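Here my numbering is used: the first residue of the first sequence is 737, the next is one more, and so on.
Simulated from the structure, these hints should not be mistaken for lab results. The structure displayed is predicted, hence computed values, not measured ones. Using N, Cα and C, we set each Cβ at its ideal position, and we do this for glycine too. Certain hints may be false.
Label-pair restraints from in silico Cβ distances [said to hold, decoys possible]:
1. S973 to D844: 23 to 29 Å
2. L842 to P864: 18 to 24 Å
3. H895 to L830: 50 to 56 Å
4. A899 to R767: 32 to 38 Å
5. H895 to A761: 48 to 54 Å
6. R748 to T869: 20 to 26 Å
7. W976 to P864: 34 to 40 Å
8. R1002 to D867: 39 to 45 Å
9. R950 to R1002: 22 to 28 Å
10. A1004 to G804: 46 to 52 Å
11. L873 to V940: 30 to 36 Å
12. R751 to A987: 18 to 24 Å
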Amino acid sequence: MPELPEVEVTARSLRSVITGHCIEAFRCFDRRLRQPVPAGLSKTLAGRRVVEVRRRAKYLLLDCDAGGHKSGGTLILHLGMSGSLRLFPPGVALPPRRKHDHLEFLFDHGALVRYHDPRRFGLCVWAPATDETPPLLAELGPEPLDDAFQAESLRQALHGRTAPIKNALMDARVVVGVGNIYASEALFRAGIRPATPACRLGLVRVARLVDAVRATLEDAIAAGGSSLRDYAKTDGSDGWFQNDCFVYGRAGEPCRRCGAPIQQLRQAGRATFYCKRCQR
DNA sequence: CCGACAACCTGTGAGC
DNA sequence: TGCTCACAGGTTGTCG
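Let the sequences and hints guide you as you build the complete structure.
Given below as structure tokens:
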């Protein structure tokens, strides 16, 4: 599902429409997500104003004010493998709910947000404002698009890790937001074989990887993310990055750079794609 | 601590 | 047409 670019694209489109508006009603049609949607969430959210829409890793965060409750807090959403949000701006006609539309957020100016997730690996929980980072977010590594994501620190994070670099790149304690599509894509751009033991990469290659991860994610955000099966942008349209992929999903097809057939292998149960000529 | 794998769940496409 | 199997963008827990 959605990796960092898809969540970022979703956050941006929500941000412009719901920031500063109050949640008038929250409805839950199926609580069975990765963690159950809390039974009291409707009351918890009612009347609160969304102060800020943020993204951390693949989590979408709606910071809310107290709105008549004791204190503020943050609504934490995750789209899992198959989740997406659909935003209906004020005044547009509402189509009927689809199968797997599990949650609805109605805002005071008439905007409606629907959470859709066939596989129900997603998440919707409330974190009261405290001094502590919510547990779900506490163990997360650096944001790849922040300045803190640097060759030196990544090299340090990979120290002693014998697992393939592709798996290490997908470990949220190393760097957040890089999932199965963009791990293969970033390694192609960096010219690094996905099976290379992570600790064997020198600073020069790690620096290339840092740049490649950034470039891959930024390009994907600009393209509106990747739509393979379930993901859609908040207006229901598809992202386009899947058409720009160098290697993901292209087994047997010619490398866009050198023409050699793209290879596929399986690492830790996940499909990996690479070019054996461009990546060493 | 590290790494590999199963599990969570539904849908889809391939092959028979 | 229909059955079975493999596989799909993530995360977490368990086992070696």
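*asked:* Of all the hints numbered above, which does this structure not satisfy? Sort the numbers upward.
replied: 12
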